[in-house]
Structure formats: structure tokens, C-alpha cells
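Chemist: Here is how the chains run, residue by residue.
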Amino acid sequence: MRRETEIERLYDGHAQPLYAFLLNFTRDEADTRDLLQEIFVKLAREPKLLAGVRDERAFLIRLAHNAAIDMMRRRGARDRTKENFAAETISPFAATADPDEKIFRGELAAALAELPEEQRAVVHLKLWEELTFEEIAAALDVSPNTAASRYRYGLDKLRDRLRPLHEEIK
Amino acid sequence: MNTDDFEQRLQRQPLRQIPGEWRGEILSAAESAAATRHSPPVTQPSWLSTINHQLSTLLWPHPKAWAGLAAAWILIFAVDFSTRDTTPFVAEKTAPPSPEVIVELKQQQRMLAELIGAGQAREAELPGFLPQPRSERVEILMT
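Read top to bottom, the protein sequences are chains A and B. Quick note on numbering: the working numbering labels position 58 of the first sequence as 167, and the sequence is numbered without any gaps. Quick note on numbering: the working numbering labels position 101 of the second sequence as 717, and the sequence is numbered without any gaps.
Bear in mind the hints are in silico, worked out from the structure with no lab data behind them. One should not assume that every hint holds.
Think about it this way: if two alpha-carbon atoms lie no more than 25 Å apart in a straight line, the pair counts; the simulated SDA-like pairs of lysine to any residue are [stated by the list, open to error]:
no.	chain 1	residue 1	chain 2	residue 2
1	A	Lys-157	B	Ala-651
2	A	Lys-151	B	Glu-637
3	B	Lys-680	A	Met-181
4	A	Lys-151	B	Thr-652
5	A	Lys-211	A	Arg-182
6	A	Lys-266	B	Gly-640
7	A	Lys-157	A	Ala-167
8	B	Lys-680	A	Arg-182
9	A	Lys-157	B	Gly-640
10	B	Lys-680	B	Ile-692
11	B	Lys-680	A	Arg-183
12	A	Lys-211	B	Gly-636
Simulated restraints on C-beta separations [what the hints assert, rightly or not]:
no.	chain 1	residue 1	chain 2	residue 2	range
13	A	Glu-223	B	Gln-633	18 to 28 Å
14	A	Glu-117	B	Gln-624	45 to 55 Å
15	A	Ala-219	B	Ala-683	27 to 37 Å
16	B	Ser-644	A	Gly-122	13 to 23 Å
17	B	Gly-636	A	Arg-184	38 to 48 Å
18	B	Glu-637	A	Asp-164	25 to 35 Å
This one's a predicted model, so the numbers in the text were calculated from it and none came from an experiment. Cβ coordinates follow ideal geometry from the N, Cα and C atoms, glycine included.
Take these sequences, add in the hints, and give me the full structure.
Modeler: Listed below in C-alpha cells is the structure:
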């Protein structure tokens, strides 16, 4: 049986959460794929990047976050229309047959898309990666207090937006 | 609304799964990159792509301003073309004179030559006017 390479181990261990984080950030599947490939190509080219890293997940999320921000900056204003359009159509959540859940996930995806990118990143890492504010702070290169306040603001906006629906289908 | 309840509900929402076919594609690209990392290919960009890049860099910061400038030049050219004098500079070629006209012209030329010849003969007969002092002219009149 063939032995798993280091890059395969990294992919199998971290690709799914990186994919979810990047998809929530970019709201574009093609961009998410490009960014993921960019990250793993970088890791393959420079294996020493991970030398001495204690928390691989936090390190890779930081790489992904920086790569996504670089991509947005490179594009500038040219693709804002496309991003806005994509934000309305691509959901980071799995499909469901339950009509109530389908509506709730659609509304949640739209509400997340309306959050500023920095709040969306913190909300995602806190809710779906279950990182602590210290871990989020390390991943996004901000202070734990900043991470906590961004989470609070983001969550308040989600709550305001989704309150009626949440109460209705609770 | 209970905040914990709301947060828990959000946490329960399952995220979209990464497409399975990406694994092979991304790992293949990564392994190819790893294999060539010691000898990175030096790709010389073509001059067309270089010009394209330079123009994009130059024009992109203010595309509307450049578009406005281009529109102004197009307008100037359009006005220039519409007000241009279209009359030809070279005289139009005229039809050759008819034989009657040629005969008439030759006749006039002959008459002119005759007249000039008669004049010259008369001038030869008459003494030419020689300017003289006023006092001498009086003497001539007296005689």
C-alpha cells in the first residue's frame, strides 16, 4: 500500500474547513478552488513553511485568509459587481430537502453575505470551526478583543435579520 | 430570543462539502509544483502581453477619464471631416477646342500680326520724338 505523502495528509486533514471558510469569504466556487490550489501548491513548494508551527489549522486558515484578501485586492473594483451577484446566489451551506431549513439556510447565507468581510470571517471561525477568540486572533492577526467584538457585532446583525424567521420556525 | 439557542441553531447548519474531484486535481498541481521547485521555469512574456500589461496598468486607474478623452478625439475628427472642403484642387480637364474655334483663333492671330506689322511700318516713317530743352522748342514754334 502506498504511503500517504505529507501534502496528502495536509489536504485530507484541512481541505474541508479551508474550503468552507474560503467559500463563505469569496462566495465563488471557482475562486475558492483557485485559492485552495494556491495554498497547497505553496505548501508543496515550501515544506518548511510548517516547520515549528504548533497549530496547523490556525496557520492554514491564516494562509487562506491572506490569499483571499490578496485576491480581492488584485481584482479591486472590477469584479465587485460579480462578487455581489455571487453573494446573492452561492450558499456556503449544504442543500436540504426540509423546506423550513432550506428557507432558513438561504436567509442565513444572505445575511452572512451582508456582513463585512472581517466580521464574516470571525463569525465563521467561531460558529463552524469552533475556535476560541485567542485562536481566531492568531489566525486573523488581530487581538482577541477585536475578534470578540467583531463576533458580537456580526452575530447581532445576524440575529436582527433572522429573528422573525427563527421565531417562526423554531 | 435566547442567544445561546440562536447560536446553537446557526452552529447546526451543515456546511457545503468540498467537491471530491478537487482532491486529485489540487494534489496533482501541488506535486507538479513540488517537483519543479528547484528549477522554476523562466517564462519570457511575449511583447504583446507586455504591452497589454503596460497599457492595462496605465489606463486602468482612470478608465472613464481615458474613455472621455478618446470620445473627445473622435468628436473632433468627426467635426473636422464633416466641415472639410471637398472641391478638387486640380482643375478639371477641359475638352479640346473644336476645329471652327481653331480656325477662328488662327484668323484673329493673323489679323493681329498684320495690325502690328502696319504699326511698325508707320513708326519707321515718322521721326521719333526727341526731348529738347524748353527754349529750343520755342524757337521751333517761332519758325
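Chemist: Could you run down the list of hints and mark each one as holding or not?
Modeler: Status of each hint after checking the structure:
no., hint, in the structure
1, Lys-157(A) with Ala-651(B), "holds (15 Å)"
2, Lys-151(A) with Glu-637(B), "holds (20 Å)"
3, Lys-680(B) with Met-181(A), "holds (22 Å)"
4, Lys-151(A) with Thr-652(B), "holds (12 Å)"
5, Lys-211(A) with Arg-182(A), "violated (33 Å)"
6, Lys-266(A) with Gly-640(B), "violated (39 Å)"
7, Lys-157(A) with Ala-167(A), "holds (16 Å)"
8, Lys-680(B) with Arg-182(A), "holds (20 Å)"
9, Lys-157(A) with Gly-640(B), "holds (23 Å)"
10, Lys-680(B) with Ile-692(B), "holds (18 Å)"
11, Lys-680(B) with Arg-183(A), "holds (19 Å)"
12, Lys-211(A) with Gly-636(B), "holds (23 Å)"
13, Glu-223(A) with Gln-633(B): 18 to 28 Å, "holds (24 Å)"
14, Glu-117(A) with Gln-624(B): 45 to 55 Å, "violated (35 Å)"
15, Ala-219(A) with Ala-683(B): 27 to 37 Å, "holds (34 Å)"
16, Ser-644(B) with Gly-122(A): 13 to 23 Å, "holds (18 Å)"
17, Gly-636(B) with Arg-184(A): 38 to 48 Å, "violated (28 Å)"
18, Glu-637(B) with Asp-164(A): 25 to 35 Å, "holds (29 Å)"
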